[in-house]
Structure formats: structure tokens, C-alpha cells
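With chain L's structure known, arrange chain B on it following the hints.
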Amino acid sequence: DAGVTQSPTHLIKTRGQQVTLRCSPKSGHDTVSWYQQALGQGPQFIFQYYEEEERQRGNFPDRFSGHQFPNYSSELNVNALLLGDSALYLCASSLANPIYGYTFGSGTRLTVV
Amino acid sequence: SQQGEEDPQALSIQEGENATMNCSYKTSINNLQWYRQNSGRGLVHLILIRSNEREKHSGRLRVTLDTSKKSSSLLITASRAADTASYFCATDRGGGNKLTFGTGTQLKVEL
Numbered sequence: 002d003a004g005v006t007q008s009p010t011h012l013i014k015t016r017g018q019q020v021t022l023r024c025s026p027k028s029g030h031d032t033v034s035w036y037q038q039a040l041g042q043g044p045q046f047i048f049q050y051y052e053e054e055e056r057q058r059g060n061f062p063d064r065f066s067g068h069q070f071p072n073y074s075s076e077l078n079v080n081a082l083l084l085g086d087s088a089l090y091l092c093a094s095s096l097a098n099p100i101y102g103y104t105f106g107s108g109t110r111l112t113v114v
Numbered sequence: 456s457q458q459g460e461e462d463p464q465a466l467s468i469q470e471g472e473n474a475t476m477n478c479s480y481k482t483s484i485n486n487l488q489w490y491r492q493n494s495g496r497g498l499v500h501l502i503l504i505r506s507n508e509r510e511k512h513s514g515r516l517r518v519t520l521d522t523s524k525k526s527s528s529l530l531i532t533a534s535r536a537a538d539t540a541s542y543f544c545a546t547d548r549g550g551g552n553k554l555t556f557g558t559g560t561q562l563k564v565e566l
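Chains as they are written, first to last, in our numbering: chain L, 2 to 114; chain B, 456 to 566.
Don't read these hints as lab results, they were simulated from the structure. Hints may contain errors.
[Said to hold, decoys possible] With a cut-off of at most 20 Å between alpha-carbon atoms, the simulated SDA-like pairs for lysine to any residue come out as follows:
no., chain 1, residue 1, chain 2, residue 2
1, L, 27, B, 500
2, B, 563, L, 41
3, L, 27, B, 552
4, L, 27, B, 502
5, B, 563, B, 537
6, B, 481, L, 45
7, B, 481, B, 528
8, B, 481, L, 27
[Claimed, not checked] Derived contacts from chain B toward chain L, CB cut-off under 7 Å, selection only:
no., residue
9, 503
10, 556
11, 558
Quick caveat: nothing in here was measured; it's all calculated off a predicted structure. Every residue gets a Cβ at the ideal spot worked out from N, C-alpha and C, and that includes glycine.
Isolated chain L, as found in the complex (with noise of 0.2 Å):
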């Protein structure tokens, strides 16, 4: 039973670049969540989707965006990459009531020079 999959593992972009992560859920799970953890702290929510819309967001600025594709799979956005986005991103998946809690992927590191 595949867990959570992100790709790619590690990036590394320049200061006003675009980025796209990617994520495919558990099996069986169609909500996916999106976290940034910057180093030494706990993870911070960005956002959430499920029916292919965003059902929650956090406190990021629209440079971050996402989607959710039929398939449950979901992408992250990021425009205008600054220094500061500069994180390990986190992609969760569950049901939609997550009564058993949330399976996390291994993440994709970014650095941004």
C-alpha cells in the first residue's frame, strides 16, 4: 500500500523563480494538505484541498497557489521565490473527516539562492 509521494526530493531555484511540487495521496485518502517547515520549527499550514477545491488556507500570500487533480493528486505553487520560501514542504493526505489522522510524504526540500 503506497503512502504519501511527493516529488522531486530536493530543488534548488533562484530568487524570483517559479516552483512546482508535486503530491500523490494515499490510497483510498482524497483530502491533501500542504505544509512549509522551516528549519527548526514545526510545520505551518498553507493549505488545503478536496473535491478539487481549496477548502482552507493558511496565512501565505497568493504567490502560493495550488490544484488538486480528479486523480487526488496536487500540486504546489510557488510564483516570485524568495529567499525566504526557502523550506522543507510537507504534502498530507487523509479522508475528508480525518478521524484516523493524516499519512505525511517525505518531502521536497527547497533552497532558494
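Frame of chain L, contents of chain B only:
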């Protein structure tokens, strides 16, 4: 913003000893979850305790929840070197919308 804090920030113990980590949070919750993270990689779900539960066990893990004090504790008994990791508590306010994480406790278990 973080929901709350974990205490201690770092903990170093010998193999075989017990490790206790505490988590405080700020708002009412539907449930509280504990996660483990190895070397800045993905989070592994350890245990979920609902707001109407006071204690829960899973293998060597014991979690308590005190909603009146808005606090939780995670006890790892008979620790092993493989338990070395960062541990995070996360609160879910319900509605299936998001988790709010604490600041984490770095646990080091030495041989």
C-alpha cells in the same frame, strides 16, 4: 502561527530510560495528535487522542490529555536509540481542515 509549545525543547537520555514530552495549546480542540520526524524528513503519525479521552496507549507510547489545562504529554517507555527524532504535537479543531503544530521536542537516546 504555532498553536502552542512543547517542553522540553531538547531531551537527552540513555537507552532503556523513559522519555516524557509535554505539549501545551491555546484553543479548544477536537483531537490532538503526536508525530515523529527523523532528520528533517516526513512526519510519522504516532497516536491520536480525542478531546473526550484522557489517556491512550500504543505499544511503548502513552499519551495523556488534560483539556482543562490545555495540555498533553507523550511518554515513551524503555527508549531505544532508534527513538532519536523530533516529536511534534498537533491539534485538530475539527472540521477536517488543518493541523496546528507545536514547536517540537528533539529527543536523543544514547547507547
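For each hint, the structure was consulted:
1. L:27 / B:500: 14 Å, holds
2. B:563 / L:41: Distance of about 15 Å is within 20 Å: holds.
3. L:27 / B:552: 17 Å, holds
4. L:27 / B:502: 18 Å, holds
5. B:563 / B:537: Holds, because 9 Å separates the two Cα atoms, which is no more than 20 Å.
6. B:481 / L:45: Holds: residue 481 of chain B and residue 45 of chain L sit about 16 Å apart, inside 20 Å.
7. B:481 / B:528: Holds, at about 15 Å.
8. B:481 / L:27: 31 Å, violated
9. 503: Constraint on residue 503 of chain B satisfied, holds at 5 Å.
10. 556: 3 Å, holds
11. 558: It holds, given that the least Cβ distance between residue 558 of chain B and chain L is near 5 Å, below 7 Å.
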